[in-house]
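Undergrad: Residue numbers for the sequence shown, in the working numbering: 1 to 281.
Just so you know, the hints here were simulated from the structure itself, not pulled from any lab data. In this text the structure is predicted, and so the values were computed from the model without any measurement. Glycine residues also receive a C-beta, built at the ideal position from the N, C-alpha and C atoms. One should not assume that every hint holds.
[Stated by the list, open to error] Label-pair restraints from in silico Cβ distances:
| id | residue 1 | residue 2 | range |
| --- | --- | --- | --- |
| 1 | Ile47 | Gln175 | 21 to 31 Å |
| 2 | Arg174 | Ile216 | 46 to 56 Å |
| 3 | Pro170 | Ser276 | 50 to 60 Å |
| 4 | Lys163 | Glu26 | 34 to 44 Å |
| 5 | Pro170 | Phe231 | 14 to 24 Å |
| 6 | Ala232 | Thr19 | 14 to 24 Å |
| 7 | Glu270 | Val234 | 53 to 63 Å |
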Amino acid sequence: YMARSIEQVEQDLTQLRTTSSQLGEELTAAYKSYFISFAPTLKQQSIQSCYYLCTTCYPEAFLKLNYNQRAQLLKTLQRVIRNVIGDLVIHIEPSSQASNDDEPTGALTSIPIMPTDWFATPSSLSTWQKNLEEELSHSLKEISYKVNLLLQQAQVMPPAIPKPILEASPEADRQGESTGSIANVLSILIEQESTQEQQLENAPKEIRQRDDLPQIIQIHSLYLRLTEIEFADVTVLSLRKNLDRLGTKINILRREYLQKQQELKIAEAESAWRNSWFESP
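Go ahead and model the full structure; you've got the sequences and the hints to work with.
TA: Spelled out as structure tokens, the structure:
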């Protein structure tokens with residue numbers, strides 16, 4: 001067995017880095033195309049789900065708002081959705097967003113911007129794509145959380161909602177279920193301590209005792225799911241398949257690059273052995 005020379009392996013690594021850079025450019029273009037189609041679909045799906053929550057899930061609470069309150073609520077909902085969608089392309093085309101003091105704020109934080117020099121190697125390119133997908137997932141969660149919080153603050157949604165439901169956490173998704181044919185709306189049953197004690201002061205003793213049991217209520221909330229949003233538009237679905245194809249190519253390239261790196265270490269170790277070996281007299 002004759003190991004390949006250090007120079008040969010380094011040439012292979014250089015070629016793989018060149019391929020990685022080219023693939024990074026291709027991936028950037030693919031994400032640009034994806035976001036161009038994804039953004040309006042996300043906006044449409046988000047607003048459609050908000051409409052369903054206000055008019056079908058909580059119509060009485062929504063009707064209690066006066067005209068100005070409803071108009072302000074819907075205006076802020078649109079701005080929340082628009083601003084988060086605008087931030088989605090920050091990895092591709094950096095842009096600044098003006099702050100809006102009347103938007104709800106919470107504990108969710110943004111994923112750091114990834115530098116474009118991460119296209120340099122297949123491993124860093126793979127990490128770049130992973131971070132971009134995490135940013136996409138985070139943005140869906142951010143819209144869901146801000147909208148739910150906004151509806152709660154407007155007293156459309158009930159006040160006592162568990163935090164995982166407000167934040168659209170995977171835990172809440174596992175416990176809940178989709179609401180009929182409406183995508184991106186979570187329906188879940190929760191226990192709530194009875195608040196009817198004052199109303200029952202004059203009620204018979206038997207009724208007061210029965211009401212000591214926890215009250216089961218149904219909560220509906222916004223839970224944006226990537227698969228449901230992509231499924232709503234055939235173009236977005238096609239562009240997602242292209243991203244998956246490029247992701248597969250990156251993973252293959254990354255494995256080959258790691259193998260070559262290991263091969264280089266072996267070649268360097270063999271060279272160091274030969275340079276350090278001296279026959280005993």
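Undergrad: All hints are to be evaluated individually against the structure, with a verdict given for each.
TA: Here is what the structure says about each hint:
1. Remark: the range hint 21 to 31 Å for isoleucine 47 to glutamine 175 is upheld by a beta-carbon distance near 26 Å.
2. Remark: the range hint 46 to 56 Å for arginine 174 to isoleucine 216 is contradicted by a beta-carbon distance near 19 Å.
3. Taken as a hint, the range 50 to 60 Å holds for the pair proline 170 and serine 276, whose Cβ atoms sit roughly 54 Å apart.
4. The hinted window of 34 to 44 Å between lysine 163 and glutamate 26 holds, with their beta carbons roughly 41 Å apart.
5. Between proline 170 and phenylalanine 231, the C-beta spacing of about 19 Å keeps the proposed range 14 to 24 Å intact.
6. Between alanine 232 and threonine 19 the beta carbons are some 35 Å apart, a value that contradicts the proposed interval 14 to 24 Å.
7. For the hinted restraint 53 to 63 Å between glutamate 270 and valine 234, the CB-CB distance of approximately 55 Å keeps it satisfied.
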